[in-house]
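Please construct the entire structure, taking both the sequences and the accompanying hints into account.
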Amino acid sequence: MKNIKLFTFLAAILILLVACKKEENNPSVAETGTVKLMLTHRWDANNSTNFLLDLPLVHPVTNDTLTFTTFNYYLTNVRLKKADGTWWVHPESYFLVNLSDTTSFELAIPNVPIGTYSAMEYTLGVDSLRNVSGAQGGALAISNNMFWSWSTGYIMTKAEGISNNSSSGSFSFHLAGFEGPDNVVTKRTFDFITQIPLTVKNGKIIEVHYLVNPMHLWDNSPSVSVLNNIATTGNNAKVMAKTFYNSIIFDHFN
Amino acid sequence: MKYSSLLVIGFSFLVFFSCKKESTTPTVTPFAFVKPAHFPAPNYTFVGNEVTQDRFDLGKQLFYDPILSLNNTVSCAKCHDQAHGFSDHNIKFSNGVDGTLGERNSPALSNLAWYPNFMWDGGVNHIEVLSVAPITNQLEMKETIANVVAKLNASTNYKTKFKKAYNIDLITDQYMLKALGQFMGMLVSSDSKYDRVYTGKATFTASEENGYTLFKTNCVSCHAEPLTTDFSFRNNGIDTQFTDLGRGQITQNASDNGKFRVPNLRNITITYPYMHDGRFFTLAQVVDHYSNGIKQSTTVDPIFQNTTGFNFSPTEKLDLIAFLKTLTDNTYLANPLYQK
Chain F
1 MKNIKLFTFL AAILILLVAC KKEENNPSVA ETGTVKLMLT HRWDANNSTN FLLDLPLVHP
61 VTNDTLTFTT FNYYLTNVRL KKADGTWWVH PESYFLVNLS DTTSFELAIP NVPIGTYSAM
121 EYTLGVDSLR NVSGAQGGAL AISNNMFWSW STGYIMTKAE GISNNSSSGS FSFHLAGFEG
181 PDNVVTKRTF DFITQIPLTV KNGKIIEVHY LVNPMHLWDN SPSVSVLNNI ATTGNNAKVM
241 AKTFYNSIIF DHFN
Chain S
1 MKYSSLLVIG FSFLVFFSCK KESTTPTVTP FAFVKPAHFP APNYTFVGNE VTQDRFDLGK
61 QLFYDPILSL NNTVSCAKCH DQAHGFSDHN IKFSNGVDGT LGERNSPALS NLAWYPNFMW
121 DGGVNHIEVL SVAPITNQLE MKETIANVVA KLNASTNYKT KFKKAYNIDL ITDQYMLKAL
181 GQFMGMLVSS DSKYDRVYTG KATFTASEEN GYTLFKTNCV SCHAEPLTTD FSFRNNGIDT
241 QFTDLGRGQI TQNASDNGKF RVPNLRNITI TYPYMHDGRF FTLAQVVDHY SNGIKQSTTV
301 DPIFQNTTGF NFSPTEKLDL IAFLKTLTDN TYLANPLYQK
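Line by line, the protein sequences give chains F and S.
Residue 1 is where the first sequence starts when you use my numbering, and the numbers rise one by one after that.
Residue 1 is where the second sequence starts when you use my numbering, and the numbers rise one by one after that.
None of these hints come from the bench; they were simulated from the model.
Just so it is clear, CB atoms sit at the ideal spot from N, CA and C, and this is done for glycine as well.
Misleading hints may appear alongside valid ones.
Said to hold, decoys possible - Pairs of lysine-lysine, DSSO-like flavour, derived with a Cα cap of 30 Å:
1) S/K35 / S/K201
2) F/K158 / S/K142
3) S/K151 / F/K158
4) S/K317 / S/K340
5) S/K325 / S/K164
6) S/K317 / S/K295
To be verified - Rough simulated footprint, nothing fancy, chain F against chain S, three-plus residues with beta-carbon under 8 Å:
7) 127-134
8) 162-175
Shown next, in the form of structure tokens:
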């Protein structure tokens, strides 16, 4: 009798524990590591110059002398391709890279399941869903000044500065557009060499380095003496954003 | 043995209660968004911003508080006064910070949860981001979002209220915007005489009835029932040349120049002046326009092509106005829920 009581008591406690487990902080048993996107900003045709704000830079093609005062862009929706061909998706994957804040050049993606990944994909710009879903937080907060209030939508890339080549003495490119023919949002997939995949190890950080070169804004766009301002969606914005986004290259792992 | 089964039952109860948080849904609160039975499904359903009294009250406090403007001088309510159907005080253009004049007439606000987009040109796509426009507009509140957030965080009153409403310790623009969005989404006008007739609870006078017939014949293709707008962008023939491109400014498509969102006509009697630039001060002028004043232009609506209007008789004009007056919703205009 006594034993049965004790047994029932213990069983009940066990039930209690199990039933309420969901509420406890249950440390994940899966082994994970951190992937860090490392963005290096360069200038010149062979990425030989550091791209910095408040420094006169000569564009190798247009010959404009450009001193950038602001350079911000969104990098979002990071995914990793697993060995079986399916994708691991980083949840809430929104980063605002701000050239005046070097900490924003390192995008940490924690809790990535260990293993090898054959490709990384991310989006330059903010997906259309987040442009139409009301007030957002974090990197997408409106206080980050990357938002149009008069025609709702995120400014995907913002480049501002001064230049004597511009008739106004300055330039301002707010590249936006998330739908239809004016969509600038660009998905990039980087396939890694089969022999050297992205390898995530338990508790370790693996860095994935990319070269980002704002010179490429002008691959198919004219000198600031011709076009010094973009403040609406349209072909000008699209051409400028696309050549820049498509120029980003994978450099190495670390 | 009996004893132990009792123990098991007892513990089962304990399990039930200790896990209560997970298993029971919150009891129905009396405070909720109620869709009027004769209205279609709303566009905004408060997803991620579920309606609570605390959130609504907070949104209302923000709406009436000039803290959202530079120098704390202009509140939303200054240009959107409940007594005027949440439009401005009978003026063409509103004064912003430092008395600066705006460029469009302040629209009346009601039934915003049904709007697919906002502003005369439809440039804003969501009720939660709407407030960014007036707050940052140089001709309106002339403030920065970051500044507003800093001011709110410096207020213990607001910190307490945001904590209560959204359970956040640090106020962010996201939640300020959600609170304002909630207040605006809850502004429902559905108890005008028109609504009561529509739902079989009242009857029109002969003149109103005749006006309603004229309205159904000539106006509902744009001012669709029961919301009195189909939310499309149209050129109703008020100009031959456009000083304000309207929808065209947003789409950058010349075929949209001079088009404006078909306005909601609720409480129209008291929301004068009329049109995006407040050019008409009386409903008689509006009706005269539709009767004989239509101007031709490249984008004038097909309904108005090659005509000066519907050519109403003097009685028809009066009947139409009598009908428009039934769109006044005194329950809405005097609703203490929306008062400061």
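Structure-based check of each hint:
1. Of the supplied pair hints, the one linking S/K35 and S/K201 holds, its CA atoms being roughly 18 Å apart against a limit of 30 Å.
2. For the given pair, F/K158 sits about 22 Å from S/K142 by alpha-carbon distance, which is consistent with the 30 Å threshold.
3. With a C-alpha separation of about 27 Å, the suggested pairing of S/K151 with F/K158 holds against the 30 Å cut-off.
4. A distance of roughly 38 Å separates the Cα atoms of S/K317 and S/K340; the hinted pair therefore is violated under the 30 Å criterion.
5. A C-alpha spacing of about 41 Å is found between S/K325 and S/K164, which places the hinted pair above 30 Å, so the restraint is violated.
6. Simply put, S/K317 and S/K295 have alpha-carbon atoms about 19 Å apart, close enough for the 30 Å limit, and the pair holds.
7. For the stretch 127-134 of chain S, the stated coverage by chain F holds: 5 residues have a C-beta nearer than 8 Å to a C-beta of that chain, and at least 3 were required.
8. As drawn, the stretch 162-175 of chain S meets chain F at 4 residues by the rule of a beta-carbon pair under 8 Å; at three or more, the given contact holds.
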